[in-house]
Structures are given as C-alpha cells and as structure tokens.
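Chain A is fixed; fit chain B onto it per the hints.
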Amino acid sequence: MHPKLWVICAAYNEAPAIGRVVTELRRAGYKVVVVDDGSTDGTGQIAAAAGATVVVQPINLGQGAALQTGIDYALSQDADILVTFDADGQHRVSDIPRLVDALGRERADFALGSRFLGQSYNLPALRRWVLHAATVFTRLTTGLRLTDSHNGLRALTRQGAAAIRLRQNRMAHASEILAEIARSGRRYVEVPVTIEYTAYSLAKGQRIGDSVMILRDLFAQELSR
Amino acid sequence: MIAQVIFSLLLCSVLLYAWTEYRRSPVVALLSFVVAAAGVYFVWVPAHSTRLAEFVGIGRGVDLVLYTWVAISLIVLLNLHLKLRTQLELITVLARKIALANVNVRPVEGRREPGATSVSTLNDARTSPRKPHPAELDEGRSRRKRDRSA
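First to last, the sequence lines map onto chains A and B. For the first sequence, my numbering assigns the number 7 to the initial residue and increments by one for each residue that follows. For the second sequence, my numbering assigns the number 2 to the initial residue and increments by one for each residue that follows.
Looking at chain A on its own, in the form it has when it is part of the complex (with noise of 0.2 Å):
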C-alpha cells in the first residue's frame, strides 16, 4: 500500500452509489477525497459517513472542477500518487494497484486506464463506437496513440498531477486532460482496466449528444486562449 496515495471521487447526486465506492476503497486502505459537486441528495454527508474527506463545492460546477478542486487537495495534502475514480460504481478498486505499478514500471507520470485493453461489461453499441470515434479524435488533436481516451480511472504522479491545469469544468475535461497530458511531454502508459456498466451508471453517464457539447466547449477554449 502507498502511504501517500489518495483517491478522488468528483459526485454529483451520487447518494445510490457513493457509500458502497467509498466503503470499498477505504476497506482497501486508500485515502479518499470526495469533491461533492454542489449534490442536493446528501451525497456528502453519505461519503463522510462512509469514512471519506469530503470537500463540497458551494454550486455545481460539473466533473472537470471537481476532479480539479480534488486534485488541488490531494496535493496540498502532500500526494505522491493520485487515482480519478468515478463515483458511480463502475471501476473495480483491484485494479488501483495496477495502474500504480505501471506507473513505477514504465517511469510514467500518468497511467491512464482502458477499458478496450480490458474488459467491458453492458457497453452498449453505440457508446462503444462513440469511444472508438473519440480515440481518433484524440489522436489527430493530440497525437497521444490511446485506445481508451474518455476513462475516469487513471493514476498520476505528484509531478504529472502538478503539470496540469483543467479549465474545462464539464465532460470536455477527459478530453481536456488527455490534450494537458501530451502538452507536458510526459511519460504516458495505458493499463487494461475493468468497466462494469449498470442501469445506473448508464443513466447518470454522458449521452450521445454530450459530444456534441464537448466539441462545442473544446472549440471555445481554443478560441479565448
């Protein structure tokens, strides 16, 4: 177990799911820092109940300023390694170790997880081949050869962390975050990860017309840089 590895969860109305993630990461030793996202469910108060520190956004902000303000926490709290775990359920806190040891492996500063060099369960088609188009997408604008590039479970170093910045407060962060990552010149590998889809965690996930949006936030950051 790394003493210094903290695991953020950013949750908005997480309530169903929040207690059972945060119970299953503590009971395997990490520190957990939920950014509760402005929630109106109690999702905070589930999550410190469930033993996690819990820093809560006075409004919704969305993901990336969460997962941001989650990453500002860790590393005032002196982090060497930091995990993005979604709040939803639908990563496996086994394959924390993994990407951590990837990390020390490869000498990289992000270990960034896949699910297509994994496993998925209940993807549906057409997610599957919103995933594939996203990939494309992220190499011609990034040049990072990934087969996974929206995947909240990653693993960073304190110097991968520090190096970048997320402006983009909603779904474009996971684009955002794979353009910071190639912007820093740093050490990159992809783990094969495990993503188990429920009825839940495909109704509080993006849709389809989401990309439209992440485009659309992607081109007006380009523009007010």
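Please keep in mind that the hints were generated in silico from the structure rather than gathered at the bench. Among the hints, a few may not be true.
Claimed, not checked - Computed from the model, here is a short list of chain B residues facing chain A with C-beta under 10 Å:
no., residue
1, Ser14
2, Leu83
3, Arg86
4, Ala100
C-beta atoms are modelled at their ideal positions from N, C-alpha and C, and glycine is treated no differently.
Coordinates of chain B only, in the frame set by chain A:
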C-alpha cells in the same frame, strides 16, 4: 443617404468594439473587424457589393449587406459566449477556494445539528489553512497581469 450614414455609424461602432476586444479575444476581434470594414465599404460602394453578390450567387447587393450584418451579429454572439466562459472560470476559482477552505476532514459523530445540510460545516473549527497549489499562484499572477494590461 440617411440609411448609409446610419449603417456606417453602426458599423463603425462594431469596428470600435473589435478594437477594444482585440486583447481579450483576438480571433473574434479580427473577424468582427474584417466583416465590419467590408460592410462600410459596401454601404458606400453598393455597385461593388452587387457585383460581389452576383459573383457569390446571392443576387442583390443589399442582400449581401444584410448577410454581412447577420454575420456580425453571430460573431458578437460568439464573443458573448466566450465572455460568459471567462466569468464561469472566475466563479470556479472562487468556489474552489471556498470549498478548499472548508474541508471536512472526518465526520464528527453527534455534533451535527438537526437539519444541518452541509458537511463542510462539521469540522470548520479544526480546519487548517491550505497551502496554495503552485499552479494557482501562477493563475493568480497571470490574471492580475491581464487585468493590469486591460
């Protein structure tokens, strides 16, 4: 003649707007400038606008001027969108500072008042000041520099 003067004044105000916006969003400012300058030219030399309109298949020169005006409106709309994004970024920085200044380190059993809704209040008394992240310091410095130069 009266319509030409009115249109020219409106387009000149767009040129002025483009000039003031150049530092904040150069792409939008340049687009506004080019379209508005073309608009002024065509208002005073309508024959050329008619020739250009025929060349690009619009029909009448006055339609071209109208389309130019619509293009300017869309560019200004885009700029407003970008400004809103900038405002949201500032709000995000503020909300993040508030959130990180009120971190609940661990739930405190039995201290919650009935009806309390925010866990951020549970441990306020024990909250220690957070060290700023280096990127936050850079962000603050660059923002202050931008504000000074604006």
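Now the hints, each set against the structure:
Because the smallest distance between the Cβ of Ser14(B) and any Cβ of chain A comes to about 22 Å, over 10 Å, the interface hint for this residue is violated. Among the interface hints, the one on Leu83(B) holds; its C-beta lies about 5 Å from the nearest C-beta in chain A, closer than the 10 Å criterion. Restraint check, Arg86(B) versus chain A: the minimum CB separation of about 6 Å is within 10 Å; hint holds. Checking Ala100(B) against chain A: minimum C-beta separation of about 5 Å stays under 10 Å; hint holds.
Checked against the numbered hints above, the structure violates only hint 1.
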